[in-house]
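Asks: Protein chains in written order, with my numbering: chain A, 1 to 112; chain G, 1001 to 1900.
Take these hints with a grain of salt, some might be off.
What the hints assert, rightly or not - Ranges between beta-carbon positions, derived for each pair:
1. A/Val39 <-> G/Asp1025: 27 to 37 angstroms
2. A/Thr94 <-> G/Asp1025: 32 to 42 angstroms
3. A/Glu22 <-> G/Ala1467: 56 to 66 angstroms
4. A/Glu22 <-> G/Leu1463: 55 to 65 angstroms
5. A/Glu72 <-> G/Val1424: 53 to 63 angstroms
6. A/Thr70 <-> G/Ile1006: 24 to 34 angstroms
7. G/Leu1463 <-> A/Trp97: 29 to 39 angstroms
What the hints assert, rightly or not - Here are a few chain A residues that face chain G, going by a calculated C-beta distance under 10 angstroms:
8. Pro26
9. Tyr30
10. Arg75
Unchecked claim - EDC-like cross-link-like pairs, simulated, lysine to aspartate or glutamate; straight-line CA separation at most 16 angstroms:
11. A/Lys78 <-> G/Asp1892
12. A/Lys78 <-> G/Asp1026
13. A/Lys19 <-> A/Glu72
14. G/Lys1064 <-> G/Asp1025
15. G/Lys1818 <-> G/Glu1736
16. G/Lys1064 <-> G/Asp1021
17. G/Lys1706 <-> G/Glu1542
18. G/Lys1679 <-> G/Asp1614
19. G/Lys1064 <-> G/Asp1119
20. A/Lys78 <-> G/Asp1021
21. A/Lys78 <-> A/Glu67
22. A/Lys78 <-> G/Glu1232
Treat the hints as calculated values from the structure; they're not laboratory data. Bear in mind that the values here come from a model prediction, so they are computed numbers and not experimental data. Don't be surprised by glycine CBs; every beta carbon is placed ideally from N, CA and C.
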Amino acid sequence: MGENKPDVLQGTLDLMVLKTLESMGPLHGYGIARRIEQVSGNELSLNQGTIYPALLRLEQRGWIKAEWGTSESNRRAKFYSLSRPGRKQIEKETENWERVAATMARFLAPSN
Amino acid sequence: MELLRIVASRLKALFGGRRLDADLDDEVRAHISMAVEENVARGMSEEAARTAALRAFGGVTQVKEQYRTRRGVPQLEQAWRDVRFGVRQLRRSPGFTATAILTLALGIGAVTSVFSVVDTVLLKPFAFRDPGRLVVLRETQEETEAGTRVMPDNYRHFVRLMGETKTLEGGSIFHQNGASVSLGSDHPRIVGAVTASTSFFRVLGVQPILGRDFADSDGQKGAAPVVLLSYEGWQSFFQGDPGVVGRTLKNGGQPATVIGVLPAGVRFPDISIAPSLTTQSGLGARESVIFQAMRPNQFDLSADDSNFNYRVIARLKPGVTLAQAQAELEGLQNAYTQSAHLSIRLGAQVTPLNADVTSGISGALWLMFAAVGGVLLIACVNLANLQLVRAVTAERETAVRAALGASKSQLVMARLAESLIVAVAGGVAGVALAVAGVRIFVALAPGNIPRLNEVRLSLPVLLFAMALSVAAAIAFGILPALRSIGVQPQSALQRNSSRTASAREGGGTRSLLVGAQVACTVVLLIVTSLVLRSFSHLLHQERGFDTSQLTLAQVDLFSPQYGDNSPKVEAIKQAFADRAVTALGQLPGVQSVATSSAMPMTGETWIDSLSRPDHPIPEAQKPMVNVRFVSEDYLKTMQIPLLAGRDFADGDRANPRVVLISEGTARAGFNGENPLGKKLESIIPDGQQPVTVIGVVADTRINGLKNTALMVYAPYWAFTPWTLSFLVRSTRASDELIPEMRKTFWNIDPLVAIPELKSMDEQVDESVATDRFQTVVLTSFGGAALLLALLGVYGVMAYSVSLRQQEFGIRIALGSGKPALMKLVLGQAATPVLLGAGVGLAAALLAVRWVQSLLFQTPVLDPVSIGGSLLVLLAAATVAATIPARRAAQVDPMRTLRME
């Protein structure tokens, strides 16, 4: 892992997980972590373990559901999937994030 | 909604922690395996694949910790950890734990059980409407020499007062006595009865739950006799029959109609007829079961100024003070004295109902209360001391934990948890002790403590005692902890390298507390031993008669044939007494039988002044004597020695105007003259002729163990009372005799009531029940205090020894002998104990003045009690200090030196 990779911003991990589940369907923790790494092009410094507290947080809020199942390699694993409130939350979070990103972009734009 | 879900999921996690942990483990393991597989598939070696997978995952433990924090309720889990840690700590020092818990239990248990009794008996109001406004009204009579005498009420004066008063809302005049009640065919029972003017329940503010209250017409001349029943009376006579209204019962053989039933819990207290007449407690005081309307009989009471025979209860108008009512009634009485030209000067006395009912026993109860306060104080001091001692070790531990990175709040929480565990355990034990204590209290208590059957464990009191001792335990557990936070861990650790220093630190406070505790204990012990000595005096003094092998019965002649208006009533009563004495004498094993007009041990009754026609003196200077009407064999049966003259003989039956007097009466009435052959006036009811003294008998404590009464005995041939007691001396046990005696009485007349039938020893026992109760309770407090003091001294010494083990090890290594070490430890304990004992002795000398009135023939400065108490305390303290001292002497120097 490189030294200059940015940390995952507070709050963005949740959205990444939700978005991943939206596009991939039910997935286990390892799958989610790998997918996030792949999508970010290995640009993020993500300890794979940190997605577990995030998954728990999302589960507690009722945005995702968890179920034990069998993986493609025939291994017992916990599969997470989006719930109905979770789908709504994606819209909200996305909107939110876009607003933050736009604001940041305005600050960072060359001031000429 | 979302918050709720989070809370629910966290709580679920809190309880299913172990399973969820396993879940997480599985999940993480699956994650790593998948990563390894993928890495291997990419061509890595197994080992490199695993390393890479773990690196990508990050710290497994940190993730798990983070996960758990998020999952459960970390504060609760932390608290749970603190509690478990506390339990471990406490188990490591079982001595401290047991001492603290026992102290708390004793404190809470003793205080709560006694306070529950005091609360019910002294503080809880009656089940009457607005009981604070109820007063007992008595008349007073001004006497030139003796000051003012409080007297029962006169009917005529009562009617006048009620007509004129502006401070009283209403009043009711009543009699309180026994009634012989039956349902018709069965043997009658004697129950407490109130005969009251019809306003009685309106004054009390009580509504019957069945039927109706008295109406004014029930109290008119010629009205049909009606009664209301107490709830208990309704249950026991009519088994709670809902159709009881309209049924009849026999009251003294006369039918009366039940018109109503009072609510459960309404009990009318025993109002003493006048405070100066101390009828012996307990015996004869019966719960009032039937209430009858007072109807004018053949005597016209409204024209009689001299019949002072009633009790009055009244209700103050709202906003009127006791003093206002007192002043108004006093004024009305004075005015009446003048306008009616009475030879005596009348006044009034108004007492709050509550104070009146408890006046006889409040002294004893307050003493108990004080004793309990003392025990609680000792318990709190004990706890404080234990906690302070413990804090010294905790300080080092706190320093270690702080050095290892514990936060300040965690440090305080750990100490708090430990104190809380002790407090909760002690509290629970205290509650158990309190529940048991109330039971024991009620079981031991004599019958004359009013409202005792209503005593329940008082919840507010329990909470109070628990709050106090738990607060003490926690406060003294936390304060040192807070202080130790300020200490730099480094310095605390360094200082602790020599343990002697910290053991001595705070030693002053601890010694002070031990001293205070010892002082309190000495006071309690001295009071306890005074009361014990007094009780033993009471039981073991010369009684003047022989109580063993005596069985006694009380028989009430209440059926119509013995009624006032029967012309031959004297002969009929006497015939019953004659037949009973003869029949009882024929029972197997009976040696002698006598009858008397009063049950022994029931206090002073039938009090009359001794008048001598040959020696007239002013009424106020005449000695007051108790008159008893007895049968021929009375002296023989009671085994009272005849000192001079002769006993009654069969020949006196024809001319019964003869009396025996006791030694005390001879002294008081004849002042050294020979009383034999002298005359006495007006001893026998309706007897116009004087009686002749034929003999002098020994003084006895026949009315109660506390004093020898001045007695005059007359033969029952002169007058036979309606209430007779029979005394039977027999070689057989009372238990065998009692059923035969009952059968004998009912063979003669099945309609007489037999309210009492027991052995003389039982009667004596019951007569000192109040004193025994007091003694037992105070002794248990004294014992509790002693035990607490013992625990206190032991706890502190044991701890200080365990802290100084190293020092003792060094001392032994340097050649100090065991006796020298024991002396060192004992000396350390001796100072506070001796000082405390001294202070306690001084305090006790001041305090015992208040106990004086409760003591019988025991001086408050009784050297045996005081010396004995001090000895017991010092012995206990020595034992408590010797155990740790021996431990100090047995310290193994090699082990302790290696320990650091």
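Asks: Does each hint fit the structure? Answer for all of them.
Replies: Quick rundown of the hints versus the structure:
no. : hint                                      : in the structure
1   : A/Val39 <-> G/Asp1025: 27 to 37 angstroms : 28 angstroms, holds
2   : A/Thr94 <-> G/Asp1025: 32 to 42 angstroms : 34 angstroms, holds
3   : A/Glu22 <-> G/Ala1467: 56 to 66 angstroms : 57 angstroms, holds
4   : A/Glu22 <-> G/Leu1463: 55 to 65 angstroms : 57 angstroms, holds
5   : A/Glu72 <-> G/Val1424: 53 to 63 angstroms : 54 angstroms, holds
6   : A/Thr70 <-> G/Ile1006: 24 to 34 angstroms : 30 angstroms, holds
7   : G/Leu1463 <-> A/Trp97: 29 to 39 angstroms : 55 angstroms, violated
8   : Pro26                                     : 15 angstroms, violated
9   : Tyr30                                     : 4 angstroms, holds
10  : Arg75                                     : 6 angstroms, holds
11  : A/Lys78 <-> G/Asp1892                     : 60 angstroms, violated
12  : A/Lys78 <-> G/Asp1026                     : 9 angstroms, holds
13  : A/Lys19 <-> A/Glu72                       : 21 angstroms, violated
14  : G/Lys1064 <-> G/Asp1025                   : 8 angstroms, holds
15  : G/Lys1818 <-> G/Glu1736                   : 65 angstroms, violated
16  : G/Lys1064 <-> G/Asp1021                   : 9 angstroms, holds
17  : G/Lys1706 <-> G/Glu1542                   : 11 angstroms, holds
18  : G/Lys1679 <-> G/Asp1614                   : 8 angstroms, holds
19  : G/Lys1064 <-> G/Asp1119                   : 57 angstroms, violated
20  : A/Lys78 <-> G/Asp1021                     : 14 angstroms, holds
21  : A/Lys78 <-> A/Glu67                       : 5 angstroms, holds
22  : A/Lys78 <-> G/Glu1232                     : 71 angstroms, violated
Comparing the model with each earlier hint shows violations of hints 7, 8, 11, 13, 15, 19, 22; every other hint is respected.
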